[in-house]
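Chains as they are written, first to last, in our numbering: chain C, 18 to 361; chain B, 18 to 361; chain X, 18 to 361; chain F, 18 to 361.
The set of hints was computed from the structure by calculation and includes no laboratory data. Hints are not guaranteed to be accurate.
Stated by the list, open to error - Partial list, computed: chain C residues near chain X (C-beta under 10 Å): (1) 79; (2) 94; (3) 316; (4) 320; (5) 324.
Note that the Cβ used here is the ideal one computed from N, Cα and C, for glycine as well.
Number of protein chains: 4
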Amino acid sequence: MIRFECDYLEGAHPEILKRLAETNMKQTIGYGCDEHCKNAAELIKKACNAPDSDVHFLVGGTQTNTTVICSVLRPHQGVISAETGHINVHESGAIEATGHKVLSLPSTDGKLTAKAVEEYLSNHANDLNREHMVQPGMVYISYPTECGTLYTKQELESLYLVCRNGGVPLYIDGARMGYGLAANGYDLTLPDIAANCDVFYIGGTKVGALFGEALIINDKNLKKDFRYFIKQKGGLLAKGRLLGIQFEALFENGLYFEISAHAIDCANRIRKIFEECGYEFLSDSKTNQQFPIIPDNKLEILSRDFTYDYWCSMGNGKSAVRFCSSWATTKENLDALEKAVKAL
Amino acid sequence: MIRFECDYLEGAHPEILKRLAETNMKQTIGYGCDEHCKNAAELIKKACNAPDSDVHFLVGGTQTNTTVICSVLRPHQGVISAETGHINVHESGAIEATGHKVLSLPSTDGKLTAKAVEEYLSNHANDLNREHMVQPGMVYISYPTECGTLYTKQELESLYLVCRNGGVPLYIDGARMGYGLAANGYDLTLPDIAANCDVFYIGGTKVGALFGEALIINDKNLKKDFRYFIKQKGGLLAKGRLLGIQFEALFENGLYFEISAHAIDCANRIRKIFEECGYEFLSDSKTNQQFPIIPDNKLEILSRDFTYDYWCSMGNGKSAVRFCSSWATTKENLDALEKAVKAL
Amino acid sequence: MIRFECDYLEGAHPEILKRLAETNMKQTIGYGCDEHCKNAAELIKKACNAPDSDVHFLVGGTQTNTTVICSVLRPHQGVISAETGHINVHESGAIEATGHKVLSLPSTDGKLTAKAVEEYLSNHANDLNREHMVQPGMVYISYPTECGTLYTKQELESLYLVCRNGGVPLYIDGARMGYGLAANGYDLTLPDIAANCDVFYIGGTKVGALFGEALIINDKNLKKDFRYFIKQKGGLLAKGRLLGIQFEALFENGLYFEISAHAIDCANRIRKIFEECGYEFLSDSKTNQQFPIIPDNKLEILSRDFTYDYWCSMGNGKSAVRFCSSWATTKENLDALEKAVKAL
Amino acid sequence: MIRFECDYLEGAHPEILKRLAETNMKQTIGYGCDEHCKNAAELIKKACNAPDSDVHFLVGGTQTNTTVICSVLRPHQGVISAETGHINVHESGAIEATGHKVLSLPSTDGKLTAKAVEEYLSNHANDLNREHMVQPGMVYISYPTECGTLYTKQELESLYLVCRNGGVPLYIDGARMGYGLAANGYDLTLPDIAANCDVFYIGGTKVGALFGEALIINDKNLKKDFRYFIKQKGGLLAKGRLLGIQFEALFENGLYFEISAHAIDCANRIRKIFEECGYEFLSDSKTNQQFPIIPDNKLEILSRDFTYDYWCSMGNGKSAVRFCSSWATTKENLDALEKAVKAL
């Protein structure tokens, strides 16, 4: 079976394993206060052109989202998200478990527009009974979105302007950030992202690491006491250096960008494979998630040798499915996929 | 600098790193549903003689404690703990953050007695205004305790009998369980522990793994929907196999017990080093944490080359400190410590 | 100014004030354990034909909803509600503040259909990744709904059957229950309601009392320890007898039904006033909330002497507004309204 | 049976009932935005000499404590309280249910000393592992305390200075504040209290009202969005005017102070009754709670005609019990008590 259903099917990039092995018997202090974490934080700040930001390392995405959001909001506030947002549908109510409503806005492509957020903020502020409702206290977006879509630089700048005007911090979930940055035809850079939000994270789990997410806090007010939150939410890894070492490997010589570009090349090839056989797509994704629409009887044949993620039925006997590439996708597996799709 | 302040100073046992490397490019499904996790669960159930229990793998100790406790308690209930319990003092209010009071009982040695728990339960049940108070809903102990002390088999059986009679589940935090099981002069085995509580965890982070804790749920009612809780609390690792692979290594050929025994040998030697030089101890610990009492001026000298954990002042110019051994402690470092202590 | 914007504009029915005055200097024990509360509970159980149910008295609606819902759900569960449900939009995130997501379903008339709930439950149960989502743990409806609509007996029975089959308790918010029971053309009785849900409340605040809601718990499992929850959520009134005395007055001689019928008569007259002048309505409400659609320029004139609740713009210069009647609505005020509407 | 076990045995002061009756059919807008609430707020600000403070009205004490505390603390913070504090022992875990630990300090008389708080704050701030512990985020005291004791002006000033220096708000629970202000031999006035804390409440439930507490927020930062919190925590009474009307009655002509003084006179007589018969007291309470120590066999006789609150066993066949006076205590009942005690 050749697997394409997600981007966390393998372990870590070999360079990361190598470094873990090299440092294995070294003694370091715990909880992320070691030299590797400090060095990795510096490398990331440099890559983000954000010398004054704080960098923390957490273990996973749901944990990072929960920890950030509950640290930012006051108890009467909620977080604005596209209705397709990961925090709204795929985190088992983690945000609500910390006491906060996810204020979901309709979205067809997984993105939030500046206009929609502005209207929501303004409607709340002008409602005479607003204290009977949840106050919007921050905005959550993901880059790329759960639908594989991307914001342009101008879209992000507009959204951030609305957030600043409304007094609500903007948070970007970058679980797959590398794949967004490497996508063709989009102009956002890592420094652009850092300059246009208050807090964001650069995902490691899906981009070459065994696990781990690097959180960057730009806003001064949001920095305060953040390590208490990491500890309380179970994210303060005893052997914190494991996170530092992995992000050193990813950011020392551009490995993060290099393996992201590889995944995009593979995604482009996946797209081409299906395009050339005449399949349509659910969305025009430029990232590592591709959503071809395939007749169900052909899907059944394909699924004998390949895994994918079932996305949704399109009616009339067709379904949209998700094929993911990643840093680990091999030419051999893509060749096999091409052969199989052509044979359908 | 030679470090003795805790038992998470190094990476993982080499056997674990070896297996991670061997399996690195293998594709598996995510979130702990892979074959490695299933196999590790079977190995652990066998070692516990608990064929009907459920086994889950989580990332860290605070996360495991929080996830278990909030899954067991109803909102009006609290968890009984010794006042020195990890959940009461060193988890940044993680339990309270899920809505529950830690009902702390006085304890001089870190242990809870069956008698104290029985009295507490009975006092609450007989209080006419009990609904104005937090209802005790479960009991938390750690084995070994934060003070390095241990329960005998009879003590644990008595405590569990009180819990069953009172209708409150007993949970055992086994962050350092291997070191408790390997301690000299104590009779509890892993099957004894499994037979005398409702839910417990076997710590990996401090006993040879990079990270990871194996949770064993014995009670049928507590098993229900537990994976939802792991996900909600941020503990459902995307590459869950990393946990399965590590616990396979630890439980396939008795490695967990072997490296625990090594740590106890090292701890015994640490004890002997200080004993032979005439130092007294804060407690009669048989586990991997040793608490010698040392004059502050000598501590200062020692701290030039060695790290330890400062525990508490004993007055009159002396302090109790903690020296930890672990699976990774080397003969060279113990030799150096011996030389230094003798030279004080 | 004559007010029609809501149904809590005046104090209490005079009979209630009379009884509060008569019992004022009597000494009773606190927290709802007095004879008045016990007597009122018996009267309510009789009126509901529910001799085995538990009755509790709480102060307000948001408090009652929050207390009930957080007592029923486990931490990984949410409550299904129409998207217009009071708990979803007008309780400032009170449900989320106890850790639970409101799982909102689309609804045009404020009602939940058995079919929609059945599909939601079934979709969740069949989802292979369900543990990444919030588990539906109960169903919330209001009777009448926030839109003034009502369930027929058959609709409620169907919905309750779906809930029972799905293992999720059904909870009915009866803030305005009297007005629903008194509505013309609907067949549900109080015993019908009690027989077709697991827990519900009969609202006092909006139906003649100064304040207070009577909660009836039918399901045995949901009864356990409920007073702890009332206390924890701030609803255990020290002078609990104030609630008992009020509900005695409301249920001793059918006062609750009598004043509800008066309000419906008044609502019918309000409807007729607008109908006869040619106005259309947002919904076909048979309850004490009427939603005429009025040109904005005429609304402006009307608002010089009358208050109403602005509901929504209908476009093209018209708006839907809410006029409420209640136990306290007077003939004089209705006469004045009629005159004014005719003069528009 | 003549009852002395608490200070909420009767309804309300007749003047309050009278005003509720007078205003009963008046129409007012809801949720505390009416003229009565505004007027009552002005009267209270004047009585407190606190023109810039915000005043809100809530229904009960536990509700007020919970709402205030959860609005002040960030999620990683806890509230310092004497171990006997109401929030620590008699609110069913209401504070923890909002996610916060009660950081309890030992206290023999129910009071917190400036010194103890200063040490706690300083110890936390200096702890290198402080992020593993709950951060103290505010201080809670009650005036009078649960033990009937009082702070002097100097004691309160010292405590407040420590709080300001430590950056933690001071909150005073004044459930029985009137009885503290009326106590003989203490110098604190209402303006003193207002000047020496950040937020406090003046209790109505136990001092003449049917129910209701007036919350005064002095600190500008704590004022923000407070009505959202009241609503979310179920304290925003639909007919909010009921609170305004009651507090108008209490503060328009000094009724609050007058009836408080009456209760203290009655408490002094209770004290004298027991003193003259040779009984000792658990504490030197000057407030409306008196704690005589009585042989158990005599208590049994007394309990045939009188109720009191059992406090604790003193050993050797004696117990401390609580007798409360209030605004409603009658001369007849005191005469009867005197006769009975003398006859023991």
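Hint check:
no. : hint : in the structure
1   : 79   : holds (9 Å)
2   : 94   : holds (8 Å)
3   : 316  : violated (16 Å)
4   : 320  : violated (14 Å)
5   : 324  : violated (13 Å)
Of the hints listed earlier, those the structure fails to meet are numbers 3, 4, 5, in rising order.
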